[in-house]
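A.B. asks: Chain by chain, the residues:
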Amino acid sequence: MTLAVRDLAVRFGGVTALEAVTFDVRPGSITSVIGPNGAGKTTAFNVITGYLRPAGGRITYEGVPLTGLRPSAIARRGIVRTFQRTSVFPALSVEDNVLTGLHLRGTAGFLEVLAGRRRLAAEESGLVMDAAAILEFVGLAHRRREMARALPYGEQRLVELAIALAARPRVLLLDEPGAGMTGAEKAVVSGLIRKIREQGVTVLLVEHDMRMVMGISDTVIALNGGRVIAEGAPAAIQAHPDVIRAYLGAPRGPA
Amino acid sequence: MTRAGGWLLAAAALTLPLWLSSAYHLHVAIMAGIFGVLALSLNLLLGFTGQLSLGHAAFFGIGAYTSALLTLKGAWSFWAALAAAVALAGAAGWLVGRLSLKLRGAYFVLVTISFAGVISLVSVNWIELTNGPLGLPGVPAPELFGWSLRSKTAYYYLVLAAIALSYLVCARLVKSRIGRAFVALRENEPLAESVGVDVTHYLVLAAVVSAGMAGLGGSLYAHYTRFVSPEVFLFTYTVTMVVMVVAGGKGTLAGPLVGAVLFTVLPEALRAAASWQWQMLAYGVLLVLLVFFLPRGIVPAVQALRGRDAS
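If you read the protein sequences in the order shown, they are chains A and B.
66 is the number that the working numbering gives to position 66 of the first sequence; each next residue is one higher, with no gaps.
Just add 1000 to the spot in the second sequence (first one is 1) and you have the working numbering.
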């Protein structure tokens, strides 16, 4: 039931982005990946979700290897991500954004669609209801008909979350869900993440906001220079000398 | 309003041969119809998946040649040849879709242009089959239950049926999860992948349907003009389709049809009104004005106006 990352290595030309990265994401947990800029957090996300091929190492979910699969195939196995920079379907209504996220829940095939089978109308209205429920959950029900790109930044991030939830994730990877948000908005997002976990979804997130990370995580993984430097409960990580050094730099040694 | 408008439009289209007195006007209507099918076909790719096929005339030409050759040399019935034209053009669409697997934007455009270039060269040089630049004269007129559809009125209804079918295919696809997958590819491909949309699969599907539809247009064209030559692969055909889709409103269902009617009727009207040089100038000026003032196309502009009235 675990998402397991083993000996992951990624290189861009001569630059090592990840080296020997190994960690497990326990089912039902909220796990955070932290680290200074360039530590390899987003790279790890890109590899896990199939957007980047690793130079070495393996990723398995419930014992089944994911390495080498396309992102859509990985999503089909229940591993769904969001992106660091706001990523919605800009010219579609908020509802259509979520309906697109519901792609895997639909079953209509090409010939069935052309034949205009009556079953499909029932399926469509079921999907619209699912979309409404998801929008209700993230608090965007009132924005249903608006175009995604017309929404303020914070709400676009919520649309993004709604799209990911629509894909019915078993493991949800959130790349800086709180980035650029106000304190109040971050609190809303933290609350949503907890609720998502309560529904049995495992959450893995990359986040810079330490208050948010320490407040909601069960486990924190600290990366620096492409390596895991510490892993453990939030309090232990906060006190970990290597983590402090990574963020603040090494204390000046004796001259 | 939309529903009533739709019925009114359908009634007008069905009774058009009664209103149009001259064979010439009917000819323009038939050509507008054939281009309507082509514009609908291009719009499926350009408007919904966001990929510009600048080799669309290739699928049109493949349809025309397939249908002409099978009826001329194979003595197939028109209907069987029509089906084969759709199938073969669709297969060509599949090939182009697979070739451009990971290619988007300019690279996709280049693949489609190159494909059209190659096919055009084949039509000129494979003389035993295609009769080369001389073309294939005497393509038979279609028959239905022993009735010849040689008359313009009959052919008009055949084309009208083809438009209705193409429109229905587009409408059903677009309003389904398949259409949403097409649009997702246009709007944000990485995001589409992240929620399980197999983007390549849907791009290939759109290419196959689009190319098959263009093949339908090609077959209709061949049996209407009764003559097919390498001219069917001309780049101008593709450009005309693009102009129709963009001016009418890409990514809308009605836009390509509006564009097809406008840009078939307009050059003919200009031909009656002005000398050749002025025709091209007026055509160009109108196109620039359209792009300037209605950058998203006629249909979206009308929809926006209506929306403003409603609120």
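No lab work stands behind these hints, which were simulated from the structure alone.
C-beta atoms are modelled at their ideal positions from N, C-alpha and C, and glycine is treated no differently.
Possibly wrong hints are sitting among the right ones.
Stated by the list, open to error - Only some residues are given here: those of chain B computed to face chain A with a beta carbon under 8 Å:
#1 Arg1150
#2 Ala1184
#3 Glu1187
Stated by the list, open to error - Chain B regions said to be covered by chain A (calculated; three or more residues, Cβ under 8 Å):
#4 1173–1182
#5 1190–1197
A.B. asks: Could you run down the list of hints and mark each one as holding or not?
C.D. replies: Hint by hint, here is what the structure shows:
1. Taking 8 Å as the C-beta contact cut-off toward chain A, the hint placing arginine 1150 (chain B) at the interface is violated, the least distance being around 31 Å.
2. The interface hint given for alanine 1184 (chain B) holds, since its Cβ lies 5 Å from the closest Cβ of chain A, which is under the 8 Å cut-off.
3. Among the interface hints, the one on glutamate 1187 (chain B) holds; its C-beta lies about 4 Å from the nearest C-beta in chain A, closer than the 8 Å criterion.
4. Interface restraint, the segment 1173–1182 of chain B with chain A: holds (6 residues with C-beta to C-beta distance below 8 Å; minimum three).
5. Here the segment 1190–1197 of chain B counts 8 residues with a CB under 8 Å from a CB of chain A, which clears the bar of 3, and the coverage holds.
When each numbered hint is compared with the structure, a violation occurs for hint 1 only.
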